[in-house]
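Participant: Take the sequences, apply the hints, and build the full model.
Number of protein chains: 2
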Amino acid sequence: MPMTSNASMSALKFISLGGLHEIGKNTCVFEINDEIILLDGGLAFPTDGMHGVNIVLPDMTYLRENQHKIKGMIVTHGHEDHIGGIAFHLKQLNIPVIYGPRLAIALLRGKLEEAGVAGRTQLKSVRPREVVRIGSAFFAEFIRNTHSISDSFTIALHTPVGVVIHTGDFKVDHTPIDGEYFDFQRLAEHGEKGVLCLISDSTNAEVPGQTPSERSVYPNLDRVFSQAQGRLLVTTFASSVHRVNMILDLAKRHGRVVTVLGRSMLNVIALARNLGYIQCEDSLFEPLHVAQQLPDENVLILTTGSQGEPMAALSRITRREHRQVQIRQGDTVVFSANPIPGNTLAVTKIIDELMKQGAKVIYGREQGIHVSGHGCQEDQKLMIALTRPRFFLPAHGEHRMLVKHAETAQAMGISAANIVVIDNGDVVELTETSMQVTGKVTAGVELVDATRTGVVQDSVIKQRQELAENGIITVAATIDFAGKLVAQPEIHWMGVATSPDRSRFHRQVPQLIEQVLNDRWPDFSRSIMERQVDIDWAGLQTQIELELRRLFRRELQSNPLLVFLLQHPQESSQAQQQLAQRYTTA
Amino acid sequence: MPMTSNASMSALKFISLGGLHEIGKNTCVFEINDEIILLDGGLAFPTDGMHGVNIVLPDMTYLRENQHKIKGMIVTHGHEDHIGGIAFHLKQLNIPVIYGPRLAIALLRGKLEEAGVAGRTQLKSVRPREVVRIGSAFFAEFIRNTHSISDSFTIALHTPVGVVIHTGDFKVDHTPIDGEYFDFQRLAEHGEKGVLCLISDSTNAEVPGQTPSERSVYPNLDRVFSQAQGRLLVTTFASSVHRVNMILDLAKRHGRVVTVLGRSMLNVIALARNLGYIQCEDSLFEPLHVAQQLPDENVLILTTGSQGEPMAALSRITRREHRQVQIRQGDTVVFSANPIPGNTLAVTKIIDELMKQGAKVIYGREQGIHVSGHGCQEDQKLMIALTRPRFFLPAHGEHRMLVKHAETAQAMGISAANIVVIDNGDVVELTETSMQVTGKVTAGVELVDATRTGVVQDSVIKQRQELAENGIITVAATIDFAGKLVAQPEIHWMGVATSPDRSRFHRQVPQLIEQVLNDRWPDFSRSIMERQVDIDWAGLQTQIELELRRLFRRELQSNPLLVFLLQHPQESSQAQQQLAQRYTTA
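Going down the list, the protein sequences come from chains A and B.
For the first sequence, our numbering gives the first residue as 1, with consecutive numbering after it.
For the second sequence, our numbering gives the first residue as 1001, with consecutive numbering after it.
FYI, nobody ran anything at the bench for these hints, they're computed from the structure.
There could be a bad hint or two in this list.
Stated by the list, open to error - 27 Å max Cα-Cα, derived DSS-like pairs, lysine-lysine:
no.: 1; chain 1: B; residue 1: Lys1462; chain 2: A; residue 2: Lys356
no.: 2; chain 1: A; residue 1: Lys356; chain 2: B; residue 2: Lys1381
no.: 3; chain 1: B; residue 1: Lys1349; chain 2: A; residue 2: Lys349
no.: 4; chain 1: A; residue 1: Lys360; chain 2: B; residue 2: Lys1404
no.: 5; chain 1: A; residue 1: Lys440; chain 2: B; residue 2: Lys1349
no.: 6; chain 1: B; residue 1: Lys1404; chain 2: A; residue 2: Lys349
no.: 7; chain 1: B; residue 1: Lys1124; chain 2: B; residue 2: Lys1069
no.: 8; chain 1: B; residue 1: Lys1440; chain 2: A; residue 2: Lys360
no.: 9; chain 1: B; residue 1: Lys1462; chain 2: A; residue 2: Lys462
no.: 10; chain 1: A; residue 1: Lys349; chain 2: B; residue 2: Lys1440
no.: 11; chain 1: B; residue 1: Lys1360; chain 2: A; residue 2: Lys381
no.: 12; chain 1: B; residue 1: Lys1440; chain 2: A; residue 2: Lys356
no.: 13; chain 1: A; residue 1: Lys462; chain 2: B; residue 2: Lys1356
no.: 14; chain 1: A; residue 1: Lys462; chain 2: B; residue 2: Lys1349
no.: 15; chain 1: A; residue 1: Lys13; chain 2: A; residue 2: Lys440
no.: 16; chain 1: A; residue 1: Lys356; chain 2: B; residue 2: Lys1013
no.: 17; chain 1: B; residue 1: Lys1404; chain 2: A; residue 2: Lys356
no.: 18; chain 1: A; residue 1: Lys349; chain 2: B; residue 2: Lys1462
no.: 19; chain 1: B; residue 1: Lys1356; chain 2: A; residue 2: Lys381
no.: 20; chain 1: A; residue 1: Lys440; chain 2: B; residue 2: Lys1356
no.: 21; chain 1: A; residue 1: Lys13; chain 2: B; residue 2: Lys1356
no.: 22; chain 1: A; residue 1: Lys440; chain 2: B; residue 2: Lys1360
no.: 23; chain 1: B; residue 1: Lys1071; chain 2: B; residue 2: Lys1124
no.: 24; chain 1: B; residue 1: Lys1484; chain 2: A; residue 2: Lys484
no.: 25; chain 1: B; residue 1: Lys1381; chain 2: A; residue 2: Lys360
Said to hold, decoys possible - Calculated from the model, a selection of chain B residues having no Cβ within reach of chain A, i.e. all distances over 12 Å:
no.: 26; residue: Arg1273
no.: 27; residue: Ala1417
no.: 28; residue: Lys1440
To be verified - Covered stretches of chain B (chain A as the covering partner; in silico rule of three or more C-beta atoms under 8 Å from a C-beta of chain A):
no.: 29; region: 1041-1053
no.: 30; region: 1468-1477
By construction, the Cβ of each residue, glycine as well, lies at the ideal position given by its N, Cα and C atoms.
Facilitator: Okay, structure coming up:
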């Protein structure tokens, strides 16, 4: 065998099926020889054009085609964009084992049980600095990092070509709420021994400076809590365990019981308390009906809805659709989260509505009541400085963030030749001395609808967009064996904008159809009866459709979609042929 | 007559039909006795749920009902959200005269001509400090202010109850590009003499500090231009005349000819040059085909699309749909504008795409290449300090901005009792000694579709949303006089997500319909023939529809919309009755 083939056989392939050129659905593939391990399996949420879609997953074609190679999966932490897709993947892929931090594994177990796929894999929790062997080629080492959820890891993947470090999501928080410090020692040791490639979180690559510690939020929330006169309603990401911890601690300090609203918030708090990531007394929590009896200044409602999600508790309260909670004069509502870009309008609308209903609303960057869970440029530099990688791959971000992160790496002395900015599906091959993009596999999205089972095809989304833009007119007509309309054609309108006098169409449509019939077959009944020609029903359908479309366009000055349903006798139907005979001989 | 009635007769009414609780479609009504004057007539752009809508206008019911009172209109400046609705209003309202600054009037004239309504009103330009009388009760004084468009005014409205100052849109720019300084002297003089009420721009009420001068952008753009190696593509708001001026000036300095792309940009530049608001030599401009022949470093393309508008030139270039311009390696694209919140995703997507195509993209707040046209908190304070109003009305902003602006006014000593935060349609009555909300008129939106003539009703928007969420199935069936299906029912699918084997519905649907027919009328043909009972066609329709809906819901596990079109013989049709007779006697 030629050398090149050997070289290629021992190269490590890295493919990102999601998470590049976007925030969300992080899903990475490491492959060497015939072994694949996966790192994270996240989901994303639909953007505005994706009508009727609830969840966005990466296209898994590559893994379906190579599923015999899959040896296992690593998850870095418990956020939806890192573990939310796994329940779906297990329905079609065999992933024998999944390793991850305790909290992520506990959250994942709940999801798999709910989806009825818990039996299809083995879930294993790991501790900091634990090393697990997956397949014969991979050893994954879990290195503690700091992030907005507890129990988050950076992964050092020992492979036949060298050590690859995947940062997972991270910030540099020197004063973490849980006292679990970033394990810089292990990163530095790898840096000293030699890191082949660093794959690093690019979320805040556009932001200069450092991300403040989660702890910096505490005094600001404390001030807000001190000033609140009536009830406090506080919303944040359910998965921001440190923040939730802080809010619970402050509730206690300020003499407020806590009522938790929203399924994901209840779920995360219960799990995190079980595992010891949230520590507080049972007596701090009260169900809503008990809290409602207490003085307002002794109540804190901790709720989902910080991103304006329409079905979240806070959104329903704001729309006055929540059965037990209404906003009252004197309530203080605290948004301890910034809206991610696509959600800004939804959130500001809710803030406006809460204010109109009499609440004081505390929101916005200048309040200091939220900090990011991702490191900024200086934090990203520290990661590069500690690991001193030979090759650098920016990950987890939209294209311009990846580009900025690449610039940062270059500024730190990594040559441009040793950096690639890749897209989802690109195949990167790493050897001990080289990194290059050698191909591309199918990458795209799978859209899941509200039932969580149906896959919505792209073509369906396009049709929905057309329906939404233009509306639809449906016309049904039935032609008998004599070439006449059996009855008045039915016309149905939906979502059609311009509506002058619609009644005239009840005249115009049958006239138009009869005109086409007469023009096309002056002696329609003869042709069908004498069987001299076959009736070209499809041609007839097309022609009437064309004329109808012209009519509506002219009269409405718009372009609604048109569905024209033409029914006609089946030529094979004996009864109808008999009937026709009678009719024509009458 | 009782005193209260007298008092009410001499009160000044102020109504905002648009512009509150939103940014856009600013439209104010001042009314006293039987005279109305309007201030601005703007439009807004649709938000995401408004499928197929191009333009949003305020509901003009109040003005239609009171149009005999309308004496005239004032426009404060030439932005779309202040003049863009007027062409529509003139189709239904008689506005005898419109006064405004020269540039706004020139822009407005173009719009009215295009809409074919230029003959329906008189357009009159005014100069700074000019006072015009409108009707018998109002004297409007035009006071120069500074804003992102040239020739912008604050209005001092002299009314029988006192002077009301409406700021229009303003920032405090002590070093304006055009050397036209804010006329603080007139404002201060009014403050000294006594201002009854200040109605003030709240856009940046949430932002502490001062808005930087437009001039601060110059050195930053200069730096960006110096560093550009290849072609420069620059985008900004077409109406930001100062910015455009600056870009043209810098183009000349850096030895680049300018090619202008985009209708609104061409239009504003042509008008502004004619009127002297933009001063540069003809030789600076070159058409695209000439510029294409020049070295890249001598070319600047000034283009629309700074907000990611899908049909703008830059967006079409990015989608590779522009016939003459493609992005090349080495191009520098400059976004000299920040995305307004609803546009962030569209803009970042375009930035990503431009980078992928090889352009260097300069964007973002930290570049200093954009500043707001609206004053921040300190600027708003200066306005209050100069005018010292008795009453204060925050305007032009979303609810939380109005609330913040009210807080700012209170912090400056205006008592809470003298401030109201109102909503569109609220009627504020001002006398020499009081301000109160006394009622509400119809306020809402009129949605205009792509044809610019059709009004899209709310109900249509709701239908479109439903269509987009769920898709639609149409079934057409025809029943003959014998109670039998004439032909195979037609089924049409559009935008329906789950699609198992659809062919089985061609069996199930006719079976279901026949089942209903049999259950309902075991002897259907007899009943119609013997005329003993009238056929309940509506009931039949409803029942089949219900059963079909159940079938689809069960089989598809989703809720597509269903249109069921039932055709049946007309009982009055003689031919059919005859035919039926033959059939049943056969």
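Participant: Taking the hints in turn, state whether each one holds.
Facilitator: Okay, the hints, checked on the actual structure:
no.: 1; hint: Lys1462(B) / Lys356(A); result: holds, 25 Å
no.: 2; hint: Lys356(A) / Lys1381(B); result: holds, 24 Å
no.: 3; hint: Lys1349(B) / Lys349(A); result: holds, 24 Å
no.: 4; hint: Lys360(A) / Lys1404(B); result: holds, 11 Å
no.: 5; hint: Lys440(A) / Lys1349(B); result: holds, 22 Å
no.: 6; hint: Lys1404(B) / Lys349(A); result: holds, 15 Å
no.: 7; hint: Lys1124(B) / Lys1069(B); result: holds, 20 Å
no.: 8; hint: Lys1440(B) / Lys360(A); result: holds, 25 Å
no.: 9; hint: Lys1462(B) / Lys462(A); result: holds, 19 Å
no.: 10; hint: Lys349(A) / Lys1440(B); result: holds, 22 Å
no.: 11; hint: Lys1360(B) / Lys381(A); result: holds, 22 Å
no.: 12; hint: Lys1440(B) / Lys356(A); result: holds, 16 Å
no.: 13; hint: Lys462(A) / Lys1356(B); result: holds, 25 Å
no.: 14; hint: Lys462(A) / Lys1349(B); result: holds, 19 Å
no.: 15; hint: Lys13(A) / Lys440(A); result: holds, 11 Å
no.: 16; hint: Lys356(A) / Lys1013(B); result: holds, 23 Å
no.: 17; hint: Lys1404(B) / Lys356(A); result: holds, 13 Å
no.: 18; hint: Lys349(A) / Lys1462(B); result: holds, 19 Å
no.: 19; hint: Lys1356(B) / Lys381(A); result: holds, 24 Å
no.: 20; hint: Lys440(A) / Lys1356(B); result: holds, 16 Å
no.: 21; hint: Lys13(A) / Lys1356(B); result: holds, 23 Å
no.: 22; hint: Lys440(A) / Lys1360(B); result: holds, 25 Å
no.: 23; hint: Lys1071(B) / Lys1124(B); result: holds, 14 Å
no.: 24; hint: Lys1484(B) / Lys484(A); result: holds, 18 Å
no.: 25; hint: Lys1381(B) / Lys360(A); result: holds, 22 Å
no.: 26; hint: Arg1273; result: holds, 35 Å
no.: 27; hint: Ala1417; result: holds, 17 Å
no.: 28; hint: Lys1440; result: holds, 14 Å
no.: 29; hint: 1041-1053; result: holds (count 4)
no.: 30; hint: 1468-1477; result: holds (count 8)
Consistency note: the structure conflicts with none of the earlier hints.
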